[in-house]
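Enquirer: For chain A, the structure is supplied; the task is to place chains B and C on it using the hints.
Chain residues, written in single-letter form:
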Amino acid sequence: MRLPALIALWMGALSTLGWAQTTKAPPLLAPESWPRLPQRLVEMGLQAAKAPDWLVSIGSFAAAAATVVAVFLTAFALLSLIERKTLARAQNRIGPNRAGIFGILQPVADGIKMLTKEDIVPTKSEWFLHLLAPVLIVIPSILALSVIPYGRDWLPVPMELGMLFFFAVGTMTEIAVFIAGWASGSKFPMLGAMRAISQMVSYELPLIISAMGVVMLSGTLSLSGIVEAQAGFHLGFIPAWYVLTPWGFVAGFIFLIAANAESNRCPFDLPEGESEIVAGHMTEYSGFKYALFFMGEYLGLFAISGLGITLFLGGWQPPLPGLACVPSWIWFFGKLAVVIFFFLWVRATFPRVRIDQLMRFAWLCLIPVSLLTVPVAAIWQYSGGGALGWLLCSAILLIPFVILTVRFNRRMATSNRRYTFAE
Amino acid sequence: MTPLSLLLTLSALLFSLGLFAVLTRRNAILILVGIELMLNAANINFIAFWRYGPPDVDLTGPLFVLFSIAIAAAEAAVGLAIILMVFRHTRSTDLNRLDSLHG
Amino acid sequence: MIPLLILSPLILLAALGAVWKARPVHAALLLALVLAMIAVLYLTVGAEFVGLVQFMVYVGAVAILIVFALLITRPGDEAAELARRPRSLAPGLACVAPVLGLLLYAIGTGVPGEAAQDCPPAMPVTALGLELFENAVPAVLAVGVLLTAVLVGAALFARDPASKPQPPIS
Numbered sequence: 001m002r003l004p005a006l007i008a009l010w011m012g013a014l015s016t017l018g019w020a021q022t023t024k025a026p027p028l029l030a031p032e033s034w035p036r037l038p039q040r041l042v043e044m045g046l047q048a049a050k051a052p053d054w055l056v057s058i059g060s061f062a063a064a065a066a067t068v069v070a071v072f073l074t075a076f077a078l079l080s081l082i083e084r085k086t087l088a089r090a091q092n093r094i095g096p097n098r099a100g101i102f103g104i105l106q107p108v109a110d111g112i113k114m115l116t117k118e119d120i121v122p123t124k125s126e127w128f129l130h131l132l133a134p135v136l137i138v139i140p141s142i143l144a145l146s147v148i149p150y151g152r153d154w155l156p157v158p159m160e161l162g163m164l165f166f167f168a169v170g171t172m173t174e175i176a177v178f179i180a181g182w183a184s185g186s187k188f189p190m191l192g193a194m195r196a197i198s199q200m201v202s203y204e205l206p207l208i209i210s211a212m213g214v215v216m217l218s219g220t221l222s223l224s225g226i227v228e229a230q231a232g233f234h235l236g237f238i239p240a241w242y243v244l245t246p247w248g249f250v251a252g253f254i255f256l257i258a259a260n261a262e263s264n265r266c267p268f269d270l271p272e273g274e275s276e277i278v279a280g281h282m283t284e285y286s287g288f289k290y291a292l293f294f295m296g297e298y299l300g301l302f303a304i305s306g307l308g309i310t311l312f313l314g315g316w317q318p319p320l321p322g323l324a325c326v327p328s329w330i331w332f333f334g335k336l337a338v339v340i341f342f343f344l345w346v347r348a349t350f351p352r353v354r355i356d357q358l359m360r361f362a363w364l365c366l367i368p369v370s371l372l373t374v375p376v377a378a379i380w381q382y383s384g385g386g387a388l389g390w391l392l393c394s395a396i397l398l399i400p401f402v403i404l405t406v407r408f409n410r411r412m413a414t415s416n417r418r419y420t421f422a423e
Numbered sequence: 424m425t426p427l428s429l430l431l432t433l434s435a436l437l438f439s440l441g442l443f444a445v446l447t448r449r450n451a452i453l454i455l456v457g458i459e460l461m462l463n464a465a466n467i468n469f470i471a472f473w474r475y476g477p478p479d480v481d482l483t484g485p486l487f488v489l490f491s492i493a494i495a496a497a498e499a500a501v502g503l504a505i506i507l508m509v510f511r512h513t514r515s516t517d518l519n520r521l522d523s524l525h526g
Numbered sequence: 527m528i529p530l531l532i533l534s535p536l537i538l539l540a541a542l543g544a545v546w547k548a549r550p551v552h553a554a555l556l557l558a559l560v561l562a563m564i565a566v567l568y569l570t571v572g573a574e575f576v577g578l579v580q581f582m583v584y585v586g587a588v589a590i591l592i593v594f595a596l597l598i599t600r601p602g603d604e605a606a607e608l609a610r611r612p613r614s615l616a617p618g619l620a621c622v623a624p625v626l627g628l629l630l631y632a633i634g635t636g637v638p639g640e641a642a643q644d645c646p647p648a649m650p651v652t653a654l655g656l657e658l659f660e661n662a663v664p665a666v667l668a669v670g671v672l673l674t675a676v677l678v679g680a681a682l683f684a685r686d687p688a689s690k691p692q693p694p695i696s
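Chains as they are written, first to last, in this note's numbering: chain A, 1 to 423; chain B, 424 to 526; chain C, 527 to 696.
Keep in mind that the hints were calculated from the coordinates and are not lab data.
Hints are all accurate, no fakes.
Facing chain A, according to a computed beta carbon distance under 8 angstroms, are these residues of chain C, among others:
| # | residue |
| --- | --- |
| 1 | A558 |
| 2 | E574 |
| 3 | F575 |
| 4 | L578 |
| 5 | M582 |
| 6 | V585 |
| 7 | G586 |
| 8 | A589 |
| 9 | I590 |
| 10 | V593 |
| 11 | F594 |
| 12 | L597 |
| 13 | V651 |
Residues from chain A shown here face chain C by an in silico Cβ test under 8 angstroms; the list is partial:
| # | residue |
| --- | --- |
| 14 | A168 |
| 15 | T171 |
| 16 | I179 |
| 17 | V201 |
Think about it this way: if two alpha-carbon atoms lie no more than 25 angstroms apart in a straight line, the pair counts; the simulated DSS-like pairs of lysine-lysine are:
| # | chain 1 | residue 1 | chain 2 | residue 2 |
| --- | --- | --- | --- | --- |
| 18 | C | K547 | A | K187 |
| 19 | A | K113 | A | K85 |
| 20 | A | K124 | A | K187 |
| 21 | A | K124 | C | K547 |
| 22 | A | K117 | A | K187 |
Glycine included, C-beta positions come from ideal geometry on N, C-alpha and C.
Bound conformation, chain A alone (with noise of 0.2 angstroms):
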């Protein structure tokens, strides 16, 4: 069972080929470059072999699509451990501590252990969906990982419908946790499937929506487009970002809560919170099939956390104006991990909430105000953006929240909840 997850993997990978047209190239040693020396030199080799166009562009597209997945998989590794220290700094801990010197070999102990366990069918699942599912979670993060601008020339796939392939590659998520679901042929995965699915379509809406101003004012679902449109700096000093003006702040505010939440994460990680259905869809896996699941979601979080920044904290643009010179994948991988260090914080400070506040929050709070930053955008961009827009805009934003604010105080204030059993 092991090697098909493995093949189908990587067929996933490289199905990213498909996608891929090549760049014109600057120099080739250049630390702006680094990140594509490997597609370059596969090219380069292909072409003094005198291989034919269509095998120079597969292996082109093979190399770049290796850089990202490697990438991002060290990434993951990396990030499974600082999770980890980070929580039990945060909790007065200290974390793993054994594998290496302060823990930097746990996450090889991790996929040492991972995928020698053994692999667990149960009987009652069908084996082909229950196989399918921990594929299909993995490849559309992958997919969606390689349309986003790292770096001023590292782009693995350019596209002009950049920003609406990743959200329609992102939709595969929610078929694969209902498969995984329904596969498992138990309670629990089933329960988890449902409330991950109903969480997964509620929060799509605000993410989207809130990603709507973005377009109007950019002109353009070319990622690389977004980011060019969010060049240049106010005042001599100020970034000309999106999220630095009122609707952009409103709306990267509401995509930073929804991508939290379709990336599953506590305090919205109900589908698995463990002490109420053991681990939700993944409860009836193990081993490599498990770290797969755990795979797609970290891989998902790089993802959207990356589509965030593209949209509203500029990509790869630096924050000052003096520092064109550092290559600009280094401002986007700083800016990638200050905002998972967002993520990490929220998930350490805040306690899970219950579903119907997670289902009314999505439905009463967010998409509303989502709704609300279009037009918004709009005026602004009428307004020309000075002194009058910042006033005209933030003030029509700020109606709403002091409504739900009021609102929500009340209800917080009093009231005993009564605890039914769920029919």
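Expert: The following block gives chains B and C in isolation, referenced to the frame of chain A:
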């Protein structure tokens, strides 16, 4: 066989399969599956004529498909809401058992 | 042409499964597969925007809705479905065969023999957007109103009429 006639044949067969599902299935949700197949068959026709038919500068085919997709989503949402409501009353989604108006 | 020749039989096979599988969840999952492969078909003939929208709406929303409804209603009785098969097969085929025959006859006689265009006609997203919001504005507005009405209507429909008032938030 030209690409146009290939796509049209594909869509005709898909339409027939959808029709067959609508006619023979008894579960209301699976009838909806058949309806989705038929709608998609029509969409394939639009795209086929836009791509392989006479030049179409107004993009009528893709536009129509976009509208059709939006309406299909609406239809699925309303249809399933109705089915859920019926299920709540009769505890069944089998259309043959919905005979309480039977004389 | 070659991608079409590969995709078409796959789509038809999956659609056949969606129509024929007795277990409802399998049928729904195969429908999702059909819809996804039709999206790929659109991508290969050059209608990228339509293909991605198809993927997002059909696979992400419609298929999920259907699967979810199946979970809530829990249709059983595969045995009854299988037992009814032989009886419903003949009338079903008898109704479908004339339709299919007519369609295939029309395709066989009415379609011009040679392909009209070699390369995919251009469909830039900006042109599509301008077309949508300049010439097709009434239709866009109508669809917007329809979708809003559906959102409200479906929420009202699906609400359990007998349910107790929701617990307060907190």
